[in-house]
Amino acid sequence: MTRSNGSNFSPFDVITVILGGGAGTRLFPLTKERAKPAVPLAGKYRLVDIPISLAIHSDLKRIFILTQFQSSSLHRHIQQSYRFDDYSQGFVELLAAQQTMKGSYWYQGTADAVRQNLSHFTSHPHELVLILAGDQLYRMNFRELIEEHVATCADLTVAVTPVRQSLVGGFGIVRVTEERRIASFVEKPKEPSLLKKLAIGDPFVSLLRLPPEEPQYWASTGIYLFNRKVLANALMSGEPDFGKDVIPRLLSSHRVFAYVHSGYWEDIGTIRAFYEANLDLCEPQPKFDFYDSRFPIYTRARYLPSSKISQADVSGSLIAEGSVISEAKIKHSLIGIRSIVLPGATIKDTLLLGNDYYETDAQVLGAEGRGLPRMGIGRNSFLEGTIVDKNSRVGDNVRVSPAGKPANMDGDCFFVRDGLVIIPRGGIVPHGTVI
1 MTRSNGSNFS PFDVITVILG GGAGTRLFPL TKERAKPAVP LAGKYRLVDI PISLAIHSDL
61 KRIFILTQFQ SSSLHRHIQQ SYRFDDYSQG FVELLAAQQT MKGSYWYQGT ADAVRQNLSH
121 FTSHPHELVL ILAGDQLYRM NFRELIEEHV ATCADLTVAV TPVRQSLVGG FGIVRVTEER
181 RIASFVEKPK EPSLLKKLAI GDPFVSLLRL PPEEPQYWAS TGIYLFNRKV LANALMSGEP
241 DFGKDVIPRL LSSHRVFAYV HSGYWEDIGT IRAFYEANLD LCEPQPKFDF YDSRFPIYTR
301 ARYLPSSKIS QADVSGSLIA EGSVISEAKI KHSLIGIRSI VLPGATIKDT LLLGNDYYET
361 DAQVLGAEGR GLPRMGIGRN SFLEGTIVDK NSRVGDNVRV SPAGKPANMD GDCFFVRDGL
421 VIIPRGGIVP HGTVI
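The letter at position 187 of the sequence shown is residue 187 when you use full-length UniProt numbering, and the numbering goes up by one with no holes.
Bear in mind the hints are in silico, worked out from the structure with no lab data behind them. Where hints are given, some of them may not hold.
[Stated by the list, open to error] Taking lysine to any residue pairs in the SDA-like style, the calculated list, with each CA pair at most 20 Å apart, reads:
1) LYS348 / ARG379
2) LYS348 / LEU279
3) LYS197 / GLY169
4) LYS61 / THR299
5) LYS287 / TYR264
6) LYS61 / GLU33
7) LYS331 / SER315
8) LYS329 / THR346
9) LYS329 / SER310
10) LYS196 / SER166
11) LYS287 / GLY269
12) LYS197 / LEU210
13) LYS244 / SER184
14) LYS331 / LEU279
15) LYS329 / PRO343
16) LYS287 / VAL163
17) LYS197 / LYS244
18) LYS244 / ALA183
19) LYS229 / VAL150
20) LYS287 / VAL260
21) LYS229 / HIS120
22) LYS229 / GLU127
23) LYS287 / ARG164
24) LYS287 / GLY316
25) LYS308 / THR360
26) LYS197 / PRO211
27) LYS308 / LYS331
Could you put the whole structure together from the sequences, leaning on the hints where they help?
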């Protein structure tokens with residue numbers, strides 16, 4: 001990478017900031033006891049493993065993670081997963097919202113979170129600040145983004161990706177000129193006349209081979225690359241959010257460019273998006289590839305045994321390590337670490353997020369003595385269209401399906417969100433229950 005004056009950029013010119021997010025209400029109940037970036041992914045990872053791994057592969061190893069909500073499990077995961085040696089000068093540092101002499105309030109938005117932590121960043125030499133979200137699934141070479149930022153002499157570069165019109169209401173939508181400069185930024189537009197102006201036209205439609213039958217729009221991915229001084233000055237106004245406030249204001253006074261990401265990108269912001277992104281990994285050719293040995297996704301090393309599958313019928317599924325499946329039927333489902341599935345059970349179009357530990361024989365007997373199921377999926381139970389969070393106990397002869405239920409409701413031992421049944425973390429579904 002080179003500066004505009006011709007000198008070389010090094011990774012130590014960049015610090016990376018990962019936003020831990022707020023309460024994550026759209027992912028409830030998965031965020032009932034954990035931050036969004038700590039939500040399990042693909043049977044063995046956490047969502048935060050994606051941006052951290054991408055940063056490491058881009059040789060950006062000075063990483064700050066800003067957290068504030070239900071962050072204990074996220075902190076534990078980071079501390080157990082990411083340790084750099086003394087010679088790399090890399091780190092992953094957690095910065096939790098805290099009371100200071102300047103204020104005693106939580107982060108009010110994405111920009112406010114960065115503003116409250118600027119003093120921590122300035123203790124490390126840098127010229128660029130890369131800001132990432134902690135709840136997205138994608139692959140991106142951040143070195144290419146940085147090179148383009150430098151080549152255009154940009155003050156700010158925003159990574160954008162094309163989305164269909166049906167998805168526009170959930171994103172900040174930008175209008176990009178042929179020079180890839182951002183001309184306007186509109187948060188969640190709805191007016192037909194405005195949408196017509198924001199639709200992607202040529203040459204991008206032709207270059208990216210976008211489908212002509214449905215209009216496409218440039219959505220901000222929430223990935224921003226700021227020049228250090230521009231960021232500090234932009235935050236002085238006290239505005240809370242980058243997308244709603246800071247970036248639209250900078251368009252008229254600064255060089256703001258778009259970095260086009262045309263590959264897979266998914267915002268894991270809702271239960272439905274989380275469910276579909278995970279189930280897609282069970283496809284023969286998933287949209288996101290965890291099997292690229294050149295760029296592995298890192299996570300905590302658990303040293304679990306291989307999964308044990310005894311006389312089971314398994315098709316179109318992923319089974320993480322340490323699972324024990326006996327005489328069960330698993331169809332198009334994702335089975336997380338240490339999952340226990342007993343004989344006769346049927347798991348269909350379902351996510352089992354796994355368990356944090358194995359029960360001992362004494363613990364199993366103790367649970368049964370109290371009339372509780374053992375941890376895992378009981379005998380002859382049937383689950384369809386369901387997400388079972390960690391350490392849950394689903395008893396024998398249980399039937400769970402979203403069929404005939406409203407899109408959203410709360411039950412005695414379950415929730416329904418986005419048309420999917422969720423058994424919450426540590427949930428107990430008694431023997432014989434029908435949901």
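Status of each hint after checking the structure:
no., hint, verdict
1, LYS348 / ARG379, "15 Å, holds"
2, LYS348 / LEU279, "11 Å, holds"
3, LYS197 / GLY169, "15 Å, holds"
4, LYS61 / THR299, "15 Å, holds"
5, LYS287 / TYR264, "6 Å, holds"
6, LYS61 / GLU33, "29 Å, violated"
7, LYS331 / SER315, "5 Å, holds"
8, LYS329 / THR346, "5 Å, holds"
9, LYS329 / SER310, "11 Å, holds"
10, LYS196 / SER166, "14 Å, holds"
11, LYS287 / GLY269, "18 Å, holds"
12, LYS197 / LEU210, "17 Å, holds"
13, LYS244 / SER184, "12 Å, holds"
14, LYS331 / LEU279, "11 Å, holds"
15, LYS329 / PRO343, "9 Å, holds"
16, LYS287 / VAL163, "15 Å, holds"
17, LYS197 / LYS244, "19 Å, holds"
18, LYS244 / ALA183, "15 Å, holds"
19, LYS229 / VAL150, "15 Å, holds"
20, LYS287 / VAL260, "18 Å, holds"
21, LYS229 / HIS120, "15 Å, holds"
22, LYS229 / GLU127, "8 Å, holds"
23, LYS287 / ARG164, "17 Å, holds"
24, LYS287 / GLY316, "15 Å, holds"
25, LYS308 / THR360, "17 Å, holds"
26, LYS197 / PRO211, "18 Å, holds"
27, LYS308 / LYS331, "17 Å, holds"
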